[in-house]
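Student: As a plain string of letters, each chain reads:
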Amino acid sequence: GENVEQHPSTLSVQEGDSAVIKCTYSDSASNYFPWYKQELGKRPQLIIDIRSNVGEKKDQRIAVTLNKTAKHFSLHITETQPEDSAVYFCAASRNNQGGKLIFGQGTELSVKP
Amino acid sequence: GAVVSQHPSWVICKSGTSVKIECRSLDFQATTMFWYRQFPKQSLMLMATSNEGSKATYEQGVEKDKFLINHASLTLSTLTVTSAHPEDSSFYICSAGRQGREVIQYFGAGTRLSVL
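Protein chains in written order, with my numbering: chain B, 1 to 113; chain E, 1001 to 1116.
None of these hints come from the bench; they were simulated from the model.
Hints may be right or wrong, so weigh each one.
[As the list claims (entries may be wrong)] Quick list of simulated restraints, FRET-style, between CB atoms: (1) His1085(E) / Arg51(B): 40 to 50 angstroms; (2) Asp17(B) / Lys1055(E): 41 to 51 angstroms; (3) His1085(E) / Asn53(B): 20 to 30 angstroms.
[As the list claims (entries may be wrong)] Each computed DSSO-like pair below joins lysine-lysine, with the alpha-carbon atoms no more than 27 angstroms apart: (4) Lys1014(E) / Lys42(B); (5) Lys1066(E) / Lys42(B); (6) Lys1064(E) / Lys71(B); (7) Lys1041(E) / Lys22(B); (8) Lys1041(E) / Lys112(B); (9) Lys1020(E) / Lys100(B); (10) Lys1020(E) / Lys42(B); (11) Lys100(B) / Lys1041(E); (12) Lys100(B) / Lys1064(E).
Backbone N, C-alpha and C fix where the C-beta goes; we use that ideal spot for every residue, glycine too.
Chain E extracted, bound-state conformation (with noise of 0.2 angstroms):
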């Protein structure tokens, strides 16, 4: 249980396009989803956490303009990178929040954005 699918795994896109990028709770309803940004060889920094239905919130530093965050449904976000340029080239991770004791978060398995 607890499968988190995120597509595409892999992106390239010229500079000014948009990219969107699924994430799905594919066994459990989410009643949270995370978006983070990895750096190579960093740790996962969190741009912001959608609740369904609701607006995300997102981290300081993170422009909500340019990051959109729709959470359609409690097994759906979607991040839009909106006019991406080279410096958003990076790798985009997702997590649902799944509710026991505690929230549990089980992540996707990432995608990697290039923008030429």
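One chain only, chain B, in its complex shape (with noise of 0.2 angstroms):
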């Protein structure tokens, strides 16, 4: 079945540094990326999203990257800051599924000051 896979499971790094989160899809057809971000007991919310005719794209600090032909997507945060620790989550979908998402099993980002 359709499977997204993500890595790291927990990232730590130090404040300023880049983080990079790595996820790769199996369905060929999918064609919609989104990241979510989910602080500890809130709600994931949307932080930057991609589609596949697009091969990357950047808001401030954060960029997402995507490979169609290796299906693997990328989200990058620059200079980080301890605001940033929480679990992202990357997912895809396809659309003749009615925006079902297909999600990655999470990173846990840590940013020490």
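Put the two chains together into one complex, using the hints given.
Tutor: Pasting the structure below:
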């Protein structure tokens, strides 16, 4: 079945360093890839997304890259801050599934001051 | 925009009782609503997908008679955990899908269910 693999499961960085989280997907028909940030005990919040016709998208300190051929996409956070500490989830979906998302396992990011 | 309200945020109940959780999209009409269960330090596990006015589509392994979903309008979906048992204790999160170029899911704040 459809699957999204996410790595690493935990990531610890020093404040100011960059963080990279990687995901691979199995369904070649996937065409939409959102990233969600979930702080402890709170709701997942959409932080950035990318469509399959784009290779890279940037929003301030956050960027996402997509390699359709290899079926993988990555989240890049630069100049990390303690408030970036959270669990990050990647996901994949395709148009004809009504928005159903296949989530990765999550990455717990810890930014140490 | 894209605000999703979920109530209650926390509920404690006795074993054998039923619990209803509401999910509302406050400022948009949701084409589809999704119900998830999340265990500590784990990912979101999709339980079911619901569309207004039709029966919910349940994921494999999810008991539809145990987890009743009603989607009465484009802004309201409810999940009822029937005859709850301690193993049903979990964090339940809903999301509402807003149609654009694709359907984007916006999440509720979640409901922590504790069954005694």
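Student: If any of the earlier hints don't hold here, list their numbers in rising order.
Tutor: Structure breaks hints 3 and 6.
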